[in-house]
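Knowing the structure of chain A, use the given hints to seat chain B on it.
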Amino acid sequence: MNWTCEQTELRLSDYLDGLLTAAEQKEFDAHVNSCARCTPLVSSVTQALSGLHSLAQVEPPPRLVYNILDKTLGPRETVTGWKAILAWFRAFNPQRLAYGGVSLCAMFLVFASFTGFSWKKPRAADLSPVNVYRGADRQAHLVYARSAKFVSDLRVVYEIQSRLQRTEDLPGSQDSTAPQPAPSDKNPGSTDGSGPASPKQQNRANDLASHSIVLAAACPSCWEGRIR
Amino acid sequence: MEQDVQLVQQCLQGDGSAWEELVRQHNRRVFNICYRFTGNRTEAEDLTQDVFLRIYKTLGSYRAIHGGFATWMTSVTRNLLIDHYRRTKRDRATDSLDDAMPVVENKESSAKRPDEQALLGELSGQVQTALTKLSPELREAVILRDLQQLEYGEIQKVLAVPEGTVKSRINRGRIELARILQQMGVRPA
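Protein chains in written order, with the working numbering: chain A, 1 to 228; chain B, 1001 to 1189.
Simulated from the structure, these hints should not be mistaken for lab results. Source: prediction; values computed, not measured. We treat Cβ as the ideally placed atom computed from N, Cα and C, and that holds for glycine. Any given hint could turn out to be false.
[Claimed, not checked] Listed next, the in silico DSBU-like pairs over lysine-lysine satisfying Cα-Cα at most 30 angstroms (straight line):
(1) K1089(B) / K71(A)
(2) K1057(B) / K1157(B)
(3) K71(A) / K83(A)
(4) K71(A) / K1057(B)
(5) K1057(B) / K1089(B)
(6) K1157(B) / K1089(B)
(7) K71(A) / K1157(B)
[To be verified] Counterexamples of contact, computed for chain A against chain B with all Cβ distances above 12 angstroms:
(8) Q95
(9) L109
(10) S113
(11) H141
Bound-form chain A, shown alone (with noise of 0.2 angstroms):
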């Protein structure tokens, strides 16, 4: 079967939403793509096509839905006076003014607790501006403060740690680098002094005074402390 130009323009939408056959669609293919009359008609229709579905659907103006309204149901009724008053009370959502007034309270004695009102004994004028204001600036000092001494702790726990830490990776710093302990005829270590103390043993021990000794080095004051 020979397409045809005449066919190719009748069944073109047929080709474009690809309800062709699979043997319709290989003679339509073999005749577009030698047909130069048909080419360029395929190839323009595509476009337009293309070009429609980019069309963008349009957004109805919003007093449309109410002009409709207007005109079907007939307009709405205008409330004046007190009713007027009452519909707009109404209008308000009672759930949502109650979690409001909630979270507006929660924050008043999130604040006021931390300018130092006291809830014992409260007075008016804790409530002044200016006491407010020093209460605020009081609390806020404290609380950098007390995280400056936190942030300080932290660090000298970690520089401890971390000399610990260097101490044991060092070869032989047990001998070299840790001073010796005092001799003695009991080994550290052993329970009851008669006979030498097992490895494991003897090395805990040893692990033990070089890490004193370490500490003793990284923080005399409270390492003297201690021992006192």
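Relative to the frame of chain A, chain B by itself:
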């Protein structure tokens, strides 16, 4: 679809909120069909109001067994658009181009204000202009198929013509649209 049927039932029982819900759900679709058909926002807005007024008055004649509410509503929209087209065509001063080119309409009303044209993208604006130059039969078929993405069966119900005619109109509409775009200087990429 079932929700629409339920809302229609409630409307017929006098429920205003159900009608409001129907209007809110479908006004965008009707407005878009009207806008693409006329190419003018103000006209589309007025026509959308008229469509819903007609739907409100004839809601009792809707039967769910004959198809979905959206299809019925599209059918009402289409009928009103054709009425509007005929009415405005009589009002307009027609020139001889209508007789010379029966398929292509020389539609002066499709000329948009500069701000409207600026709002549209260049190609989108050209496609919209070309669309309003198609004859109403081809234009409505192309709008329903390629812009509203309706199936052939649904278009057949809306236009109340055989499926072969629907296919033929869509095909001719697309080819004609491509030809108008070429005349406007839009070349295939």
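Pair hint outcome, K1057(B) versus K1089(B) [Cα-Cα no greater than 30 angstroms]: Holds, at about 26 angstroms.
Verify that the Cβ of H141(A) lies farther than 12 angstroms from every Cβ atom of chain B, and report whether the claim holds or is violated. Answer for H141(A): holds, closest chain B Cβ roughly 58 angstroms.
Does S113(A) clear chain B by more than 12 angstroms, comparing its Cβ with all Cβ atoms of that chain? 48 angstroms, holds
Once the closest CB in chain B is found, is it more than 12 angstroms from L109(A)? With a cut-off of 12 angstroms, L109(A) remains clear of chain B, as the shortest Cβ separation is near 43 angstroms.
Is the Cβ of Q95(A) farther than 12 angstroms from every Cβ of chain B? 22 angstroms, holds
Checking one constraint from the list: CA of K1089(B) to CA of K71(A), max 30 angstroms. Satisfied? With Cα atoms ~26 angstroms apart, K1089(B) and K71(A) stay inside 30 angstroms; holds.
With the threshold set at 30 angstroms, check whether the alpha-carbon distance from K71(A) to K1157(B) stays at or below it. 28 angstroms, holds
Is K71(A) close enough to K83(A), meaning Cα to Cα at most 30 angstroms? It holds: about 25 angstroms lies between the C-alpha atoms, which stays within 30 angstroms.
Are the Cα positions of K1157(B) and K1089(B) separated by 30 angstroms at most? Judged against 30 angstroms, a Cα distance of about 26 angstroms means the pair holds.
Straight-line alpha-carbon gap K71(A) to K1057(B), limit 30 angstroms: 11 angstroms, holds
Is K1057(B) close enough to K1157(B), meaning Cα to Cα at most 30 angstroms? 21 angstroms, holds
Hint check: no violations occur; every hint is consistent with the structure.
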